[in-house]
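S.K.: These protein sequence lines map, in sequence, to chains A and B.
For the first sequence, position 97 matches number 96 in numbering that gives the first Met the number 0, and the numbering has no gaps at all.
For the second sequence, position 447 matches number 446 in numbering that gives the first Met the number 0, and the numbering has no gaps at all.
Source of the hints: derived by calculation from the structure; they are not laboratory data.
Quick caveat: nothing in here was measured; it's all calculated off a predicted structure.
One should not assume that every hint holds.
Residues from chain A shown here face chain B by an in silico Cβ test under 10 Å; the list is partial [stated by the list, open to error]:
| no. | residue |
| --- | --- |
| 1 | 3 |
| 2 | 14 |
| 3 | 18 |
| 4 | 24 |
| 5 | 27 |
| 6 | 39 |
| 7 | 70 |
| 8 | 71 |
| 9 | 80 |
| 10 | 83 |
| 11 | 85 |
Positions of the beta carbon are idealized from the N, C-alpha and C atoms, including for glycine.
Next come the chains, spelled out residue by residue.
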Amino acid sequence: MNEWERLLGRIDDWTEELLLRGSAQFAMEDARKLEQLADLASRLGMDLLERLLRRTANAGERSLLGPGDGAEELAGAFFRLCGYTELARRGGSGKGGSVDEPEAEPAEDEEAWESQSSTR
Amino acid sequence: MQARFARLTRLATEDYLIRYANKGLYNRAQKDMEKGTSAEYAFGENEVVCTLSDGTVCTLTDSIERFDCSCPSEKICKHVLVAILYYGQHKLGGEGGGGGPSTTESKDPDRPESETANGGEESSLPAERALDRMPEDSGPKPGFGWLLERPIEELVVPFRHSRVEEAAFRLRYAEELEIREDSLLVVRMVRSGVEVAFTDAPDVSRALCAVPGAEGEMYRLEALLRYRAHRGKEDREALAGNQPSARIPAEILHEFRESVNALLSSGLARLPRSFAVRFELLAVAARSGGLPNLEREARGIHGELELFFARHVRFSSQALRGRLSRTALMLDALEKEIGPLRHAQLAGRFRSRFYTVPKLDLYALGAEPWETRSSYRGITYYFYCAEDDGIYTYTQARATYYEGAEFSFARHYGERSPWKPDLTLKTASASLLSLRAVKVSADGRLSSGGSPSLTLPLRPPVEAFDFGSLLAERFADLDLGRSQVRLFGGQPKRLRLIRAAAMESCVYDQSAQALQLTAVDIDGERLQLSLPYHADWKSAITRLEAGRGMPGAGEFRIFASVEEDAVYPISFLQGSEQISLKLDL
Numbered sequence: 000m001n002e003w004e005r006l007l008g009r010i011d012d013w014t015e016e017l018l019l020r021g022s023a024q025f026a027m028e029d030a031r032k033l034e035q036l037a038d039l040a041s042r043l044g045m046d047l048l049e050r051l052l053r054r055t056a057n058a059g060e061r062s063l064l065g066p067g068d069g070a071e072e073l074a075g076a077f078f079r080l081c082g083y084t085e086l087a088r089r090g091g092s093g094k095g096g097s098v099d100e101p102e103a104e105p106a107e108d109e110e111a112w113e114s115q116s117s118t119r
Numbered sequence: 000m001q002a003r004f005a006r007l008t009r010l011a012t013e014d015y016l017i018r019y020a021n022k023g024l025y026n027r028a029q030k031d032m033e034k035g036t037s038a039e040y041a042f043g044e045n046e047v048v049c050t051l052s053d054g055t056v057c058t059l060t061d062s063i064e065r066f067d068c069s070c071p072s073e074k075i076c077k078h079v080l081v082a083i084l085y086y087g088q089h090k091l092g093g094e095g096g097g098g099g100p101s102t103t104e105s106k107d108p109d110r111p112e113s114e115t116a117n118g119g120e121e122s123s124l125p126a127e128r129a130l131d132r133m134p135e136d137s138g139p140k141p142g143f144g145w146l147l148e149r150p151i152e153e154l155v156v157p158f159r160h161s162r163v164e165e166a167a168f169r170l171r172y173a174e175e176l177e178i179r180e181d182s183l184l185v186v187r188m189v190r191s192g193v194e195v196a197f198t199d200a201p202d203v204s205r206a207l208c209a210v211p212g213a214e215g216e217m218y219r220l221e222a223l224l225r226y227r228a229h230r231g232k233e234d235r236e237a238l239a240g241n242q243p244s245a246r247i248p249a250e251i252l253h254e255f256r257e258s259v260n261a262l263l264s265s266g267l268a269r270l271p272r273s274f275a276v277r278f279e280l281l282a283v284a285a286r287s288g289g290l291p292n293l294e295r296e297a298r299g300i301h302g303e304l305e306l307f308f309a310r311h312v313r314f315s316s317q318a319l320r321g322r323l324s325r326t327a328l329m330l331d332a333l334e335k336e337i338g339p340l341r342h343a344q345l346a347g348r349f350r351s352r353f354y355t356v357p358k359l360d361l362y363a364l365g366a367e368p369w370e371t372r373s374s375y376r377g378i379t380y381y382f383y384c385a386e387d388d389g390i391y392t393y394t395q396a397r398a399t400y401y402e403g404a405e406f407s408f409a410r411h412y413g414e415r416s417p418w419k420p421d422l423t424l425k426t427a428s429a430s431l432l433s434l435r436a437v438k439v440s441a442d443g444r445l446s447s448g449g450s451p452s453l454t455l456p457l458r459p460p461v462e463a464f465d466f467g468s469l470l471a472e473r474f475a476d477l478d479l480g481r482s483q484v485r486l487f488g489g490q491p492k493r494l495r496l497i498r499a500a501a502m503e504s505c506v507y508d509q510s511a512q513a514l515q516l517t518a519v520d521i522d523g524e525r526l527q528l529s530l531p532y533h534a535d536w537k538s539a540i541t542r543l544e545a546g547r548g549m550p551g552a553g554e555f556r557i558f559a560s561v562e563e564d565a566v567y568p569i570s571f572l573q574g575s576e577q578i579s580l581k582l583d584l
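Just chain A, same shape as in the assembly (with noise of 0.2 Å):
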């Protein structure tokens, strides 16, 4: 496993702790985190990845001066940050599959969808 992927592992252990916690517990110790982090990011010279990340510590810290529009920010990067790898996974070596189902769908009779559909 190279570094490239090893850093994506440690981003994705570390949204996946915070989604278990909650953003609403966010510490410093996540800022911190997030920062070396970044630091990692810009010496493998992903400058994305390194301004995504400072962008969700600092949307962090701000979170912690008070309640209010700060958690809103913090959701806006994290999730960001989420998508990105999820897209750099896919598009690596890793077998990102989506976990959409096309046709597990049962398929709807034209009628029966447009008798539902309000709208004309």
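Given the structure of chain A, go ahead and fit chain B onto it with the hints provided.
M.R.: Frame of chain A, contents of chain B only:
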């Protein structure tokens, strides 16, 4: 009024009158006049009272659509036709009998203004155009510029959105147009066999078409779109932006965002169970708000949360995170100005929307059974259509996660096909299907509904059929390792028909739990194919390993799904022989 009425009679060619009425009425009107029926005219400011020699009185105007008649008929009657024809033949000054065409005129295949390839027509046409015969002072000539000049969003306003969508869908399939411009602009769609005649009134809903009801509406729209495309107008972007889903209710987006953020803030460990229900309700709201992609993600989140609360082994934090971030990013984008086409792409399409395609010829390529993480089982049948170089599928599927539900691949494979009772799906999966009036979704899925007709022409051997871009002549053409990365809407499947010279080896790999086959192409290059283990096709794996089920000596074709991590074969084809690996062995 006299001048305006005179203009109408000049425009009222045989074609024109037949479209507004019908051939029978026209012929009866002609017969009446031959028998000597005549008419007297009294012109008012806005109407003309015509008294026929048989006593009938009709009141006409400068438009054939507005009239009144003393006879009991509610719709246009032969008296109206007689009133118009008689004036044209006997009362127009300076041209003799040039106004309405008589039945003695001969056909002239040379038609300078019409854009048509063939000269012969079943309906008789006037030798000269009415337009060419109109004197300078007879009032404005009919103008059809509105068909091209008005924006498409304006023109489709009288129609239901679903009709417009269906008409736009049909433009994918080639059609030959024959266009004639006279007192009406007639667009003939040769393959459908339908004609639509546009009047000079800028209203598509007033165009004339012999097909009644909703279907007729759809043909009017299709003719309009094809005509515009033929004359160089690109309408796709405007039509995509015209969808109801483009007007997204802000409250739904707000609610979604609130819920996603609240979930993140609270964290899974402390999440109240009510959240699962919350996302189920959001899914319903997304559906009625015309946001299929958002609906799918919401249902997915609901499902994952249920798994989480039940401490189910199938719960995946990664999957949930993926859904949440896709939802959050989708919400961001939907709130921005990204253009109607991308908006529509983001909102997604309801999978259940099916459209009727007049004619579809499909070369079957095999069938594949599958089972998903969420315990759905099914079989997908694959077909190739040469006309649009596309893959079509038919799928049988069932949820098997509840008590008593099961799906036997073998049993469903042998079931009757939905299009022809004496044709099993197994046989269909190795045939050439010629379907008429079949229902198809935007992503190429065949419906089991509707009432299509099916014939089974002889299927040419696989080497003799043109598979367009589906065929890869050599392994180097496969573009392995490069995949199309998309965040929204699921990963596209890359299906290819691969030409191979021989099968070199077939070994079961214990660590990968898959059968690895190695094929060689005409350049001597090697390709590894992977058939993962599954209890339902373990006998197939055993047989292949023992060398059975392999194609005979010489070249053969592999129909496979080319994915990021491996190439997964679905079937082998050689000559007229075909084996679907997981089902036929």
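S.K.: State for each hint whether it applies.
M.R.: Here is how each hint holds up against the structure:
no., hint, in the structure
1, 3, "violated, 16 Å"
2, 14, "holds, 6 Å"
3, 18, "holds, 6 Å"
4, 24, "holds, 7 Å"
5, 27, "violated, 18 Å"
6, 39, "violated, 21 Å"
7, 70, "holds, 6 Å"
8, 71, "holds, 6 Å"
9, 80, "holds, 8 Å"
10, 83, "holds, 9 Å"
11, 85, "holds, 5 Å"
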